[in-house]
Amino acid sequence: MTSDSRFSGKSAAPSDVSGFRAPEIPPSSHSVARATHRVLTLRTTSQLELVNLTERVQDVVKAAAVREGLVLVSSMHTTLALMENEWQEALLQDIKTMLGDVIPAGREYRHNDPHQSDCDRKNAHSHLQATLLGHSLSFGVVNGRLALGQFQAIIAAELDGPRERQVTVQIFSFA
Amino acid sequence: MTSDSRFSGKSAAPSDVSGFRAPEIPPSSHSVARATHRVLTLRTTSQLELVNLTERVQDVVKAAAVREGLVLVSSMHTTLALMENEWQEALLQDIKTMLGDVIPAGREYRHNDPHQSDCDRKNAHSHLQATLLGHSLSFGVVNGRLALGQFQAIIAAELDGPRERQVTVQIFSFA
Amino acid sequence: MTSDSRFSGKSAAPSDVSGFRAPEIPPSSHSVARATHRVLTLRTTSQLELVNLTERVQDVVKAAAVREGLVLVSSMHTTLALMENEWQEALLQDIKTMLGDVIPAGREYRHNDPHQSDCDRKNAHSHLQATLLGHSLSFGVVNGRLALGQFQAIIAAELDGPRERQVTVQIFSFA
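Protein chains in written order, with the working numbering: chain A, 2 to 176; chain B, 2 to 176; chain C, 2 to 176.
It cannot be assumed that every hint is accurate.
Identical copies carry no separate label here, and so any pair may be met within one copy or between two of them.
Said to hold, decoys possible - Taking lysine to any residue pairs in the SDA-like style, the calculated list, with each CA pair at most 20 Å apart, reads:
{"id": "1", "residue 1": "Lys-97", "residue 2": "Gln-151"}
{"id": "2", "residue 1": "Lys-97", "residue 2": "Arg-108"}
{"id": "3", "residue 1": "Lys-97", "residue 2": "Lys-123"}
{"id": "4", "residue 1": "Lys-97", "residue 2": "Asn-53"}
{"id": "5", "residue 1": "Lys-97", "residue 2": "Thr-55"}
{"id": "6", "residue 1": "Lys-123", "residue 2": "Arg-111"}
{"id": "7", "residue 1": "Lys-63", "residue 2": "Asn-144"}
{"id": "8", "residue 1": "Lys-123", "residue 2": "Leu-93"}
{"id": "9", "residue 1": "Lys-97", "residue 2": "Arg-111"}
{"id": "10", "residue 1": "Lys-97", "residue 2": "Arg-146"}
{"id": "11", "residue 1": "Lys-63", "residue 2": "Leu-49"}
{"id": "12", "residue 1": "Lys-123", "residue 2": "Phe-152"}
{"id": "13", "residue 1": "Lys-63", "residue 2": "Asp-114"}
{"id": "14", "residue 1": "Lys-97", "residue 2": "His-116"}
{"id": "15", "residue 1": "Lys-97", "residue 2": "Gly-145"}
{"id": "16", "residue 1": "Lys-63", "residue 2": "Arg-146"}
{"id": "17", "residue 1": "Lys-123", "residue 2": "Trp-88"}
{"id": "18", "residue 1": "Lys-123", "residue 2": "Glu-109"}
{"id": "19", "residue 1": "Lys-63", "residue 2": "Gly-145"}
It should be emphasised that the hints constitute simulated quantities derived from the structure, not laboratory data.
Construct the complete structure from the given sequences, taking the supplied hints into account.
Okay, structure coming up:
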């Protein structure tokens with residue numbers, strides 16, 4: 002991901018921070034807010050895997066030709082989480098280690114016990130890790146660009162792969 | 002909750018995933034985006050309790066007759082969190098156990114110390130657990146249905162009950 | 002923050018909880034949804050610091066003169082998180098302690114190892130703590146007021162300060 006394809010904190014800010022941007026009154030031919038969505042498919046290859054969705058979400062925003070709006074990125078799965086952080090190889094390893102430290106796979110969980118659960122994936126830790134990270138992310142669109150800081154990446158956390166996964170990107174356009 | 006009342010990942014996806022859904026231009030009689038909200042009241046009965054809000058939120062969406070939109074579900078309390086995961090009895094027990102493992106109730110907390118705090122509920126761990134889970138969830142509405150994956154449930158986590166609690170469901174309709 | 006400047010759960014709720022608020026049809030002069038945003042600048046003074054943004058976000062909502070809408074508060078940084086909880090001095094100390102308990106600064110992290118990372122800030126724990134708290138918060142606006150519960154504050158968590166930080170507040174108005 003090149004830096005020029007990212008929304009820099011400085012250029013994102015209106016130069017006049019003391020006042021509001023005047024609300025954009027859209028032309029009459031587009032005079033209503035509108036919603037579109039697209040479903041991204043991921044094919045993960047490991048049990049625990051981080052996938053960079055930043056460019057794919059940016060592409061969806063670009064294709065939707067939205068100037069000012071809101072983007073909701075939602076996992077359609079209980080063991081696929083979404084998070085926002087820096088896409089740096091060493092840090093990605095640290096994130097995976099941390100997830101196992103905070104919620105270890107090897108503990109006894111009721112969800113993994115055939116006497117208490119009909120789930121045979123032994124993935125209780127995957128569910129629990131997902132509850133900590135969360136399943137959706139919201140972003141603004143400002144001046145046609147996803148409002149991300151310079152080092153912020155949109156990351157899907159596969160917590161029980163490999164699987165085919167779906168992430169819904171819904172865009173709400175206001176101008 | 003029956004499976005047919007849920008939004009399945011597959012049917013949620015437009016069959017043509019390579020392209021956008023054409024933005025819906027609403028008829029002139031409904032030609033503006035609109036916002037409505039409803040407050041759900043919960044009466045919890047335990048100190049630590051998980052409550053399934055999925056059907057109640059789906060009912061609010063249905064009653065609002067929204068086709069494309071955004072739903073924001075917000076806890077109005079610092080010790081009532083909202084999370085998204087599978088509603089399965091064994092897993093619900095694991096979630097409760099995990100919360101106490103990561104943030105134990107029995108540690109020394111300043112918020113529980115009468116010399117440092119005027120709070121007499123001894124609920125520091127409840128506040129801290131809530132910060133990890135979060136206080137609101139956002140969902141899309143696609144084709145009139147809440148965009149949830151097949152196993153995703155909307156769960157309120159009562160972390161300092163029993164109490165009467167309020168959860169605001171706000172719906173933003175775009176078509 | 003005085004209690005009268007906050008949105009009380011009870012007054013937030015429509016008195017008739019059994020029915021919907023009728024959707025507000027805005028007058029024709031304001032008949033479109035609109036988006037505005039403002040960037041808040043914070044100057045943090047410690048490595049680990051909590052900053053109360055509640056009044057500043059409320060001021061942005063007030064200045065935008067929005068009656069019904071959605072507010073998205075977004076950190077533009079990977080090591081500045083946003084959270085929602087009670088602004089109480091003893092609890093703030095507990096939150097800081099908890100972050101270090103769950104994600105200790107002193108562990109070995111790859112992101113801090115010069116052989117594996119070009120980052121010389123030794124801030125792996127800051128990144129990891131941020132992934133647990135999250136980088137954005139969404140709030141409703143109901144009857145012109147930010148829909149916060151009586152004790153809910155909007156808190157920025159500086160996890161790698163001191164620094165100058167930017168938080169984007171984007172407002173989507175529906176009436």
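### Message
Within, between, both or neither: how does the pair Lys-97, Gln-151 come out at a Cα-Cα threshold of 20 Å?
### Response
neither (23 Å within a copy, 26 Å between copies)
#### Entry: Status of Leu-49 relative to Lys-63 across identical chains (alpha carbons, at most 20 Å)
Classified as neither; 30 Å inside a copy, 37 Å across copies.
### Query
Under a CA distance limit of 20 Å, which applies to Lys-97 and Lys-123: within one copy, between copies, both, or neither?
both (18 Å within a copy, 18 Å between copies)
#### Entry: Homomeric proximity label, Lys-97 with Asn-53: Cα distance no greater than 20 Å
Cα proximity of Lys-97 and Asn-53: one copy only (14 Å, versus 30 Å across).
### Task
Give the relationship of Lys-63 and Asp-114 under a CA distance limit of 20 Å: within one copy only, between copies only, both, or neither.
Cα proximity of Lys-63 and Asp-114: none, with 47 Å in one copy and 37 Å across.
### Within, between, both or neither, where Lys-123 and Trp-88 count as close if Cα-Cα is 20 Å or less
between (29 Å within a copy, 16 Å between copies)
### Query
For Lys-63 vs Arg-146, is the C-alpha pair at or below 20 Å within one copy, between two copies, both, or neither?
within (8 Å within a copy, 26 Å between copies)
### Message
Within, between, both or neither: how does the pair Lys-123, Phe-152 come out at a Cα-Cα threshold of 20 Å?
### Response
Intra 35 Å, inter 16 Å, cutoff 20 Å: inter-copy only.
### Message
At most 20 Å between CA atoms: does that hold for Lys-63 and Gly-145 within a copy, between copies, both, or neither?
### Response
within (7 Å within a copy, 25 Å between copies)
### Task
Can you give me the call for Lys-97 and Arg-111, within, between, both or neither, at a CA distance of at most 20 Å?
between (23 Å within a copy, 11 Å between copies)
### Query
At most 20 Å between C-alpha atoms: does Lys-123 with Arg-111 qualify within a copy, between copies, both, or neither?
Only inside one copy: Lys-123 and Arg-111 sit 10 Å apart there, 29 Å across copies, limit 20 Å.
### Message
Cα distance capped at 20 Å. Does Lys-63 pair with Asn-144 within a copy, between copies, both, or neither?
### Response
For Lys-63 and Asn-144, the Cα distance is within 20 Å only inside one copy (11 Å; across copies 23 Å).
The structure is inconsistent with the numbered hints 1, 10, 11, 13 and 15, although it conforms to all the rest.
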